[in-house]
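Q: Here are the chains, one letter per residue:
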Amino acid sequence: MSDPSATWSMALKRFGFGARGVAAPASGDPRAAIEAELAASGAGRLEEPGLMSSQQALVALYEYNARQNEARAKADALRGAMTAMPAPAVAAAMIAPGGEAKPAEKPPNPIEDIFAAEALARIKAAAAPAIGFTERLVAFWSNHFCISAAKGGAVRVLAGAFEREAIRPYALGKFADMLQAVERHPAMLHYLDNAQSVGPDSPAGRNGKRGLNENLAREIMELHTLGVGGGYVQADVTEFARALTGWSVVGPDGRLGPPGAFAFNANAHEGGARPLLGRSYEDQGFAQGRAMLDDLARSPATARHIAAKFARAFVADDPPPPLVARLADVFAKTDGDLGALARALVADDLAWSAPATKLRDPWEMCVAAIRALDLDPHPSGRIAHWLALLGMPLWSPAEPNGFPDVAAAWVSPAGIKARLEVAAVIGRFAKDAPAPVDLLERVAPDASSETREAVLHAESRAQSYALLIMAPEFQRR
Amino acid sequence: MANLRRLSRRDALGGSGAVFASAALPRWASAAGARDPRLVVMILRGALDGLAAVGPLGDPDYADLHRELALTRDGPHAALPLDGFFGLNPAMKSFARLYGDKQSLVVHAAATNYRERSHFDGQDVLESGIPGPGRIETGWLNRAVALLPAAERARPLAVGYTPPLVLRGPAPLLGWAPADLPPPDDGLVARLAKLYDHRDPELARALSAGLEAERMANADGKAALKPGGGASEQMRRVATGAARLMAAADGPRVAALAFDGWDTHVAEGGRLANLLGGLDAAFAAFESGLGDAWSQTVVIAVTEFGRTVHVNGDSGCDHGTGTVAFLAGGAVAGGRVVADWPGLKPANLHENRDLKPTTDLRAVIKGVLADHLGLSPAQLAQAVFPQTAAVAPMKGLIA
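Line by line, the protein sequences are chains P and U.
So in the working numbering, spot 227 of the first sequence is number 227, and the numbers just go up one at a time.
So the mapping is simple: the working numbering equals the position in the second sequence, first residue as 1, plus 1000.
Please keep in mind that the hints were generated in silico from the structure rather than gathered at the bench.
Where is the CB? At the ideal position from N, CA and C, for every residue including glycine.
Keep in mind that the hints are not guaranteed to be accurate.
[Unchecked claim] One-sided and incomplete, this derived list gives chain U residues near chain P with beta-carbon spacing under 7 Å: (1) Phe-1120; (2) Leu-1181; (3) Pro-1184; (4) Gly-1187; (5) Leu-1188; (6) His-1198; (7) Asp-1200; (8) Ala-1206; (9) Glu-1233; (10) Asp-1260; (11) Lys-1345.
[As the list claims (entries may be wrong)] Derived list of chain P stretches under chain U, where covered just means 3 residues or more per stretch with a C-beta under 8 Å from a C-beta of chain U: (12) 406 to 415; (13) 466 to 477.
Bound conformation, chain P alone (with noise of 0.2 Å):
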């Protein structure tokens, strides 16, 4: 790593999103670039007019619910007279932002409004940093505590103000404070249905038709904090689920406080002492759970799940032993310092020299396309569907474990292939980037006699950036 240029080139890859292939050059040292910009005053944090609070995007969607419902009924009562819709000729049409003619009969859909101004604006953060390695932390700990919006009308209207208000303003903080965060917030409570979890001996409980539900529990700690294997058992998911009950989000009624903000709705909670773990939380409501959450963050078994998952991440499959352990000491130490924990990777010998063996997951990919052949990111709906078509659709990952941080994940005969594919459309987008051969210096310095020999032979410059993309050194990290 004495070499500047080697070092930028691995900075920028294996904690930044690649570099701009329209910015100067980096020049000084990156490990200190990389500090500056986690040092920067409001690092993590994403704010812009128009982006709706996650209160705000539900009050739109439970209003955008009613309009439908009075169309419905409207449309009920005028059945017969109407003929469907004729199919969209293109896909374009239905990716594309609009609002301007919608059919008159049908209230306008904030939903997929919201889910594309997130999108845009998730994207540019992604795109404008010199290395990007705040970004790549969010984009970590989003993937760690994912929610899918995949799952319906709340969970997608609030995709994007979730990682803006419980992830974001925590990337450099604290871990427990992230989780608190998390564990509270409405995208989360309707992903894992907690919102809908009554305890069976709770006043709701006892006369309703609903009971316990143990989906968030049972992530919390499989996935949140202490991993498979880290001490836990049957009993203690549900103990947990039971204090975690009436943890909910105000209904369009408003009768647990102002529509679309937590609740924490007394009537459902399973009252009394709860043991988990061997230690016993006394009941205080809504401070039960709270309590269980904030021991749980700093066990022991979540900073060595927490460390090697962070390892994984950014440096390789099967991450170097001494790099975790010394990781999880940070984090044990800091009492989940998760800026410390960033630092301590950057600052570890062990993460620089390991080999770029792992594979951009899409996300970075497009990212990277984006930054290296100056892309616009609007509208967003194309990128979105770029992720998609690459596996990766944006906040919507299949499962609660979320998308996949190990190289063999991605390196799939479908993926590759999708890669390609994806990468030649990008090709042909890229009209404002620079010449391949001035690309090649900024984006790839490490680029390989046959790499440059392609992309500078390539038969058109969409194929040159196509196999710019595609290159090995543009996919390793």
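Since the structure of chain P is provided, determine the placement of chain U on it from the hints.
A: Coordinates of chain U only, in the frame set by chain P:
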């Protein structure tokens, strides 16, 4: 069209969209019976081998020089007869039928003024209409449209994820692309496979397996696609969609499409036949899709330069100079090959390797713009093809 019109103007103009469309297309303002010309420009990127597309069967040196890539008068893959001297690649049956109906013609031994052999620069010169290469942000077709009377300027159609340079410029565009991602062209696939083979065995294995799976999936479908069949099917699809848009009463009158994959350095024969079959299908798609409007249509296919007369060691050809241009449409004065044939003797070749260009491709394009769209020689020499006053528009291309 109803769906197209729902999109906003911002989408139509906002950069590189696969996206399209206008809130309100002006209704085409010509009186019934008046001329209402349509023009489609297809850019074939990668340099088409004109000698394998349209063979000079009567040239005594042709068969020996172009060897296995040369067309023949007889045999299982005999050329489609044109005028006795030239024969057409057998993959282009629709074009041959149009030729018989005097609705298509070939221009041979043509090239722009560009004499180097870089694809990027050659395409810049071809599409910008500027005599030298460089990054120029507007194309000759856009500038030509901007000169049309306002009432006749219906928004030109750029087909593909990003408008071809030839159609970029001040005149606002309509854009369209097929719904799904097009399959990557064979050239890109082959280059990447080669790169991975040399540099990353793991990615090479994954790519190879992925492509194989795709082939099997296609073979299982209704219309089995041979390897590489994807690109030609894409041409047909794209042309079908563009024709549908142009056939509308208030649709665009001018369109530009770009097709990649013509850079046949290796194993040219089968690949080129496949590509030419796609191009042929594109002509046929415009003919059938435009319906009555076909009678007032010119579709022109051009490429940045040709390929070497000699065949290389990989049964392909390298970058050359002179090549062909194809014109088809009801408005074309067809049924002939326009060529001032230079011959293939060594002394007649350009730099002892390429078909010598004897026709300036820009004169052909100017001839179409003059007689089909009604632009004046002065307009053509100033705004459309600057610094080309000496290149006179070719006469007689339009019926």
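Q: Take the hints in turn and mark each one as holding or not.
A: Against the structure, the hints:
1. The interface hint given for Phe-1120 of chain U holds, since its Cβ lies 5 Å from the closest Cβ of chain P, which is under the 7 Å cut-off.
2. Hint status for Leu-1181 of chain U: holds, given a least beta-carbon distance of 5 Å to chain P, under 7 Å.
3. The restraint placing Pro-1184 of chain U at the interface with chain P holds, with a minimum CB-CB distance near 4 Å, inside the 7 Å limit.
4. Taking 7 Å as the C-beta contact cut-off toward chain P, the hint placing Gly-1187 of chain U at the interface holds, the least distance being around 6 Å.
5. Evaluation of the Leu-1188 of chain U hint against chain P yields a held restraint, the C-beta minimum of about 5 Å falling below 7 Å.
6. Interface hint status for His-1198 of chain U: upheld, as the beta-carbon distance to the closest one in chain P is roughly 5 Å, under 7 Å.
7. At about 4 Å, the closest approach between the beta carbon of Asp-1200 of chain U and any beta carbon in chain P falls short of 7 Å, and the interface hint on this residue holds.
8. At about 4 Å, the closest approach between the beta carbon of Ala-1206 of chain U and any beta carbon in chain P falls short of 7 Å, and the interface hint on this residue holds.
9. For the restraint placing Glu-1233 of chain U at the interface with chain P, the shortest Cβ-Cβ distance is roughly 15 Å, beyond the 7 Å limit, so the hint is violated.
10. At about 6 Å, the closest approach between the beta carbon of Asp-1260 of chain U and any beta carbon in chain P falls short of 7 Å, and the interface hint on this residue holds.
11. The restraint placing Lys-1345 of chain U at the interface with chain P is violated, with a minimum CB-CB distance near 29 Å, outside the 7 Å limit.
12. Counting residues of the segment 406 to 415 of chain P whose C-beta lies closer than 8 Å to any C-beta of chain U gives 5; at least three are required, and the coverage claim holds.
13. With 7 residues having a beta carbon nearer than 8 Å to a beta carbon of chain U, the segment 466 to 477 of chain P meets the requirement of three or more and the stated coverage holds.
The structure fails to meet hints 9 and 11 from the earlier list, while all remaining hints are met.
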